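Undergrad: Each chain is listed here by its residues.
Number of protein chains: 2
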Amino acid sequence: MFAIAPALGKANLSASQLKLLAGKARWIFRVCEAGFPTIPTIAITRAAWDELQAERGRRDIRLRTHWVACLFKLVDKDGKPPMLVVRTSAASHNGGLMPARIGIPAPAAPEDAVDPGRPLARAIKQAFESYGFSGRTWTGGRQEDDRARQIVLVQAVAEGAVEQFLTRNAATGALGPAPLNGGPLPRLPEGVNALIALLDAKAGRHMSCLVAVKDGQVQFMSARSVQASAGAELEAAVDRVERRIWTPHSAVSRVDANRLALMLHPRLKSSEGVSPIAMGLGVSPGAASGIIVFNAEDAARLRARGKHCILVVNETGPADIEGMKAATGILTARGGMSSHAGVIARITGKPCVAGVRNLSVDAAEMVCHIGDREFRAGDRLTIDGTDGAVYLGTLPLAQPQIGGAIGKLLGWSDASRDIAVRTNAETMESVQTALSFGAEGVGLARSEHMFFSPERMVALRRMILSEDEDARSRAIAGLVDYQTGDYSALFASMKGLPVNVRLFDPPLHEFLPRTDEEIEEAAASLGVAVRALRMRLERIAEINPMLGHRGVRLAITYPEILQMQMQAVLAGARAASEKQSEPVAVEVMVPFVSTASEVSWVRERAMAILDNSGLTRSERVRFSFGTMLELPRACLRAGDIAAMVDFISFGTNDLTQTTFGISRDDAPTFLAAYQRKGVYERDPFVTIDEKGVGEMIEIAIARGRAANPRLKIGICGEHAGDPASLKFFAGLGIDYVSCSPYRVPIARLTLAQASA
Amino acid sequence: MFAIAPALGKANLSASQLKLLAGKARWIFRVCEAGFPTIPTIAITRAAWDELQAERGRRDIRLRTHWVACLFKLVDKDGKPPMLVVRTSAASHNGGLMPARIGIPAPAAPEDAVDPGRPLARAIKQAFESYGFSGRTWTGGRQEDDRARQIVLVQAVAEGAVEQFLTRNAATGALGPAPLNGGPLPRLPEGVNALIALLDAKAGRHMSCLVAVKDGQVQFMSARSVQASAGAELEAAVDRVERRIWTPHSAVSRVDANRLALMLHPRLKSSEGVSPIAMGLGVSPGAASGIIVFNAEDAARLRARGKHCILVVNETGPADIEGMKAATGILTARGGMSSHAGVIARITGKPCVAGVRNLSVDAAEMVCHIGDREFRAGDRLTIDGTDGAVYLGTLPLAQPQIGGAIGKLLGWSDASRDIAVRTNAETMESVQTALSFGAEGVGLARSEHMFFSPERMVALRRMILSEDEDARSRAIAGLVDYQTGDYSALFASMKGLPVNVRLFDPPLHEFLPRTDEEIEEAAASLGVAVRALRMRLERIAEINPMLGHRGVRLAITYPEILQMQMQAVLAGARAASEKQSEPVAVEVMVPFVSTASEVSWVRERAMAILDNSGLTRSERVRFSFGTMLELPRACLRAGDIAAMVDFISFGTNDLTQTTFGISRDDAPTFLAAYQRKGVYERDPFVTIDEKGVGEMIEIAIARGRAANPRLKIGICGEHAGDPASLKFFAGLGIDYVSCSPYRVPIARLTLAQASA
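Chains B and E, in that order, give the protein sequences. Residues 1 to 756 (full-length UniProt numbering) are what the first sequence spells out, left to right. Residues 1 to 756 (full-length UniProt numbering) are what the second sequence spells out, left to right.
Simulated from the structure, these hints should not be mistaken for laboratory data. The structure presented is a predicted model; accordingly, all values stated were derived computationally and were not measured. One should not assume that every hint holds.
Straight-line C-alpha distance at most 20 Å; calculated SDA-like pairs for lysine to any residue [unchecked claim]:
id	chain 1	residue 1	chain 2	residue 2
1	E	K727	E	A702
2	E	K677	B	M607
3	E	K677	B	E604
4	E	K677	B	D468
5	B	K677	E	D481
6	B	K495	B	E582
7	B	K691	E	A702
8	E	K202	E	A90
9	E	K677	B	I609
10	E	K691	B	F165
11	B	K691	E	A643
12	B	K677	E	E560
13	E	K691	B	A707
14	E	K691	B	G639
15	E	K10	E	L21
16	B	K691	E	L21
17	B	K691	E	R703
18	E	K80	E	A108
19	B	K269	B	P248
20	B	K677	E	R605
21	E	K677	B	R603
22	B	K125	B	Q53
23	E	K495	E	T484
24	B	K10	B	T172
25	E	K691	B	D640
26	B	K691	E	A707
27	E	K269	E	T172
28	E	K579	E	D481
29	B	K269	B	T172
30	B	K125	B	L97
31	B	K125	B	L52
32	B	K691	E	A706
33	B	K325	B	E510
34	B	K677	E	S600
35	B	K677	E	I609
36	E	K727	E	S253
Throw the hints in and build the complete structure from the sequences for me.
TA: As structure tokens, this is what we get:
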């Protein structure tokens, strides 16, 4: 028990007392210490209170005497004991805490100061009791320890009007008194600004502030921090740097990257007071509101009229791509993170909720059900692809603000970052977004994604469905031109920044027709009989396509695909290099290898094609060759592999799937139960599993660097956009990460924080 | 150049000369050395020959003088130079070698002995040239080295009749002169038996022997080893032990386990002169001949009449199980090693060739095509499930001979083996086979395989298809009785040997109806509407079932299944323990874990069920709990896991799939190309990949033992039946391996060889 704001003079706290100052107590002491008029306040810890009570049983009064002396510190120079207020002072605000108990008479006798039957001691006892054990998961010894340090404040009752306000605007972050919870701003004297500046500098957060105003004079009563919007916090952080309260470095380290993420997609203004009608998997972030449609034509029609729509389907396939592009958001009954819907939605930047178990769609009848509710075309829904929630009707959305403050903060962050941030992108649109967000290269251009348009799909399907090498070579010939143009545009737009092209790695089933109607259409466009197409489809169907004929396995079994891709990449690089002053930096990456022999097989052929291209003799194109490590065996054999490549890049999505033996698409059936039952703490597809997948990566890096000290190392799985994972990656000694365009700012910020 | 059998006296070779004795030279020297009359023979190495020729260029005669002196060693005491024979003496026989050149006159002058224009030197030159570089893949320095050591023999021409015979019968292994290649046995004097005994003891192999017989006297000319049948080699080995030529230990170490494997299934007597009409994947070993059938009824009908049949289908499903049981062999157009056909075939011990790409079956029309050929029910085929070959018509088969010799050899092998051999089995039939082959326990009883009969399948499907816990619990109730009886019989048959029961790990898709007809049938038997069943099937369909909702994930999401299984296992153990004197040794194993938290979750519940059973207080049942390590993450976290279990068992099939990222079912599309192009040396699903999967296992063993020194460690993947893999496993310090029943003898032999 001690005074943190004595009525006379200043508090002079010991180091151990200073350590006890949690919550409001901290700010009352700081403001008083800085010389701002402050309502007299004393603090008592639970440990002290318990000891005071124990002393009563022993009929001792040593501690009570000290306590009464403390209470006298609330007495002003007029010598009259004031009426008292009892407040909690929790480290974090909590609904169950006792509200301030106001107007308690000062104890008439020393015994009254500790007798729980008397008003003051009763209020203190109740305040401590209101702390309970809630609010945090205390563990082990700390629980008792923290409990002993809980504080209750006893203040003199203030004279004059009590006013409450925020130190900064909750929406804009602007400094100065701001209204609380949308209420009116109280009239406050000029003097309050000094208090605000003081508190903002000391706390570095939005504060809710309580003052007493009398005769134009302000007396500080108490303050606690409040959570402002991500945007307001960011603006405030930048403002503090500009006011020289913070260094740029402190601003960078104090902004929460997870909250920054919320600003980079359209989002729900607030979901308070509305409950989702269903939950699925948030597979592509951002929120979208719109009219329900069940097919591409309706989506296109609405889009043409400038209306937002949500495409609602059981699952998506190649036939739905146009509909997905036209829709504002996508909602599916089946599928997960790497379902067709998820992949396309993330590429196109559309919010998507997938795998809503109680959704069933009858597209033919243009009706869907979510649980018992029936929805028809024209009804409205809002989806939140960040958390997977589905809401009834149209909820208000906030658009992403990539304004001045975020730019400044990220600019500062770049100064203290030594790991490059690239992006996973292949379309011009996504590359431009990523560049505007500060991407320093393309870390993963998924070459097969360049075929996501109806006319190209025909050529691609023709190739996939080829029965023999001749047919495949003919199909391939039709693909080179598209690709050359795409690569040329991609390289040109990156103006000399490195572009990593991953060789063809199609999850075949995503490119193939599925429904009877699609098969008939595909047969017509391919010029084959429906029956023949069906037989071929059946023949190439895979039981576990994730572990099937893909990645480097395609390049080795069908070397003509490798040949075509290398030629297109090199022709694109040549074309781009002729139009710009910077040399084109091309990286070709072989996916899904499990042995060094696969790497050497592809390398030998790729290098022969490069040598024949004549580009090796040019200074205009810088070519490097590498591989993607996304299988446990590749990690173990990284030493052999590293000796043959310029770079390796970890594909953490597939590495997580194979290390855990979990298909991400099929995981929703048990992952929810796992988290509910506490078997997994975190979804390993969201935050990297440090103890398993992380160790695989560490083994690979150690062996790779030992074999090839000049090896460049990157991470290109989706974990590269997750702050917790990025912190882990930052400690691995890697050269770059590559994430989706909207995640580039998060990676820039988190890596700066981690390297600080 | 030196005499290995001089006409007078004995050869007295230096150590370096002894080292040069390869092929026939070795046997000629040994026989002569042992005092058996031998045709005079001298040997010249290529190095010596080359030097002789080089000397001619230098007009030197030092070496030539030595050579001529050597040639004089062929001269008998009559002093007359004999006519000569020039032979090669390759370490391994090879079709391209020069046949013996007979009747060459002895050189008339010293110069003639080295002049390639003269008959002797010409024959020697041609003999060296015929070695070429063929026959082996020589690598690096050894190539030149081995070449320099090639030998050519110069012999005196024998007088009398030249006769050829084998030292042991090629089919039975019986000692004594035996005919070669099915020809008649020449008349041989009694004296030949001493030579045969001598050679058999020296070579320890079947030898093809050349002698000259004159006046009832035998002179040894030359011999080379020949490959006899696996059975004959085995009989010979045992015979040598019984004749005290070999120790049991030498017999064990000299029998080739791979060849032993050929004896344990029906096999083709010979495939010489017949070409397969198609090749598929040999997924269940052994050969089978029979009449083609397309459905279970026809198979059953033929079986009832005692006829063999081959079930030919596109792929098998639950509806085909009865047909598979009735058929002698199974041939499918689709699927691989772990396809339904492969799994069931191996369990039931039926030869099976799967994934024959150019086979198409029209079951309704009762016709199939292999390439251009058409086959109808009643036509005959022979399949070889060991190598995947399909032959026209009925080829003669040899039945497995588990006779006295194999029993003796394996008995000896057990003495020098310290790793136990268990079996993967759950049916009474396979357990009995395994016991008769010497299995020392069950290392993997796949509990879900106990449902492979039509009436049980209904109950199992009802459980899999349950919509909620209530429905599932009802379905489960119907399963307990079956299981209790099965476990009781299983434990009883093992008479106290350990039985490892793996908790339910169904690859769901194998148990579910697929075709329209099967779905209709299943709906009827389950009492649900076809449409509802279809919707449910669609909902639980998985994209990558291998990485889906299986193993421990089922136990955690549906704890009622765990409860049912534990109760059935414990009830079965109690029942068995009441009928026998030995305590029942039960091991319960949790499959497909990737985290220690999964193990602890299941362990806690399993132990609670055990405690409630009262069996812990009984001495009649010994219970242990463990887990299967078959995912890379589980291997990395083996330390955490080992602390909670009594044993771990490596599931090398799934561990290979996940470490490589290869679905074994889908691998055939690229694995053949990989082997053809030299990317993989060996199929990692046949022989353990030591550098990748092997390291995972080593990491896990090191971490597991460190955390729990009393940890019991086993291997239960199919690699545990492969000799090359077993040699690797033997070095890991494991306690047991568990393989399919027919592989038990191979494991016993290989592990004995490895620990010697």
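Undergrad: Could you grab the alpha-carbon distance between K125(B) and L97(B) and see if it respects the 20 Å cut-off?
TA: holds (12 Å)
Undergrad: Is K677(E) close enough to M607(B), meaning Cα to Cα at most 20 Å?
TA: holds (18 Å)
Undergrad: K691(E) and G639(B): Cα distance at most 20 Å?
TA: holds (12 Å)
Undergrad: Is the straight-line distance between the alpha-carbon of K677(E) and that of E604(B) 20 Å or less?
TA: holds (13 Å)
Undergrad: K677(E) and I609(B): Cα distance at most 20 Å?
TA: holds (19 Å)
Undergrad: Check whether the Cα positions of K495(B) and E582(B) lie no farther apart than 20 Å.
TA: holds (6 Å)
Undergrad: For the pair we were handed, K691(B) and A702(E), check the Cα-Cα distance against 20 Å.
TA: holds (17 Å)
Undergrad: Given the hinted pair K10(E) and L21(E), is their alpha-carbon gap at most 20 Å?
TA: holds (16 Å)
Undergrad: For K677(B) and E560(E), compute the direct alpha-carbon distance and say whether it is at most 20 Å.
TA: holds (15 Å)
Undergrad: Are K691(B) and A706(E) close enough, with their CA atoms no more than 20 Å apart?
TA: holds (18 Å)
Undergrad: Is K125(B) close enough to L52(B), meaning Cα to Cα at most 20 Å?
TA: holds (12 Å)
Undergrad: If you draw a straight line from the CA of K677(E) to the CA of R603(B), is it 20 Å or shorter?
TA: Roughly 14 Å between the alpha carbons, so the hint for K677(E) and R603(B) holds.
The earlier numbered hints that this structure contradicts are 5, 10, 16, 19 and 24.
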